[in-house]
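Listed below, chain by chain, are the residues.
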Amino acid sequence: EDKVVQSPLSLVVHEGDTVTLNCSYEVTNFRSLLWYKQEKKAPTFLFMLTSSGIEKKSGRLSSILDKKELFSILNITATQTGDSAVYLCAVRGYQKVTFGTGTKLQVIP
Amino acid sequence: ETGVTQSPTHLIKTRGQQVTLRCSSQSGHNTVSWYQQALGQGPQFIFQYYREEENGRGNFPPRFSGLQFPNYSSELNVNALELDDSALYLCASSLGPQETQYFGPGTRLLVL
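Protein chains in written order, with our numbering: chain A, 33 to 141; chain B, 212 to 323.
Warning: the hint list may mix true and false statements.
Dumping the calculated SDA-like pairs for lysine to any residue here, alpha-carbon to alpha-carbon at most 25 Å [stated by the list, open to error]: (1) A:K72 <-> B:F280; (2) A:K69 <-> B:E264; (3) A:K136 <-> A:N61; (4) A:K69 <-> B:N282; (5) A:K73 <-> B:R233; (6) A:K35 <-> A:I86; (7) A:K89 <-> B:L250.
In case anyone wonders, no lab produced these hints; they're calculated from the structure.
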């Protein structure tokens with residue numbers, strides 16, 4: 033059965049800190065790995081990764097995939113209170129998407 | 212370009228009843244996926260529709276069924292509701308089955 037495990041489950045940091053969120057997976061017929069941010073209801077798309085070793089960046093957020101070791105990390109530098117949310121990792125197989133439980137990030141002033 | 216919309220936003224049903232949830236996909240998107248998200252959990256994949264055909268299904272019983280219409284909007288039907296069906300139901304649309312999914316705001320269902 034496909035599995036996605038995220039760590040840590042929750043994290044509290046101060047504004048300005050850098051955080052690293054982890055996602056490991058076991059998925060049949062891997063197609064892509066996705067990161068989402070969920071604040072209230074709808075998850076909002078952050079990154080889609082398909083190739084190992086190529087970093088994707090968007091502002092203070094960046095992510096990279098290691099298909100050999102089956103994991104991905106999401107980095108957030110210079111955190112702000114607006115970064116407080118649940119960060120979801122999902123892996124797409126052939127006809128299915130499997131999500132992890134998420135990492136709850138709280139950024140305090 | 213309009214985003215993904217879902218209706219209703221909230222719904223209360225009793226055990227044994229049936230419910231229909233609706234989703235309008237983003238303009239130009241031909242693929243819709245449905246997810247169930249229980250409190251404190253990640254979304255669980257229910258199924259995906261691509262050009263009106265089911266194109267993948269998660270581990271949900273047959274009482275969870277769906278439809279996709281020619282305009283690519285979609286419905287999720289759940290029969291014989293159980294207490295454990297209480298959750299946030301999310302719909303996501305995409306340009307194709309392997310493309311990035313964009314989520315709607317969800318329907319929160321409470322089964323009493």
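*Please flag the earlier hints that this structure goes against, numbers listed from lowest up.*
Those not satisfied are hints 1, 2, 3, 4, 7.
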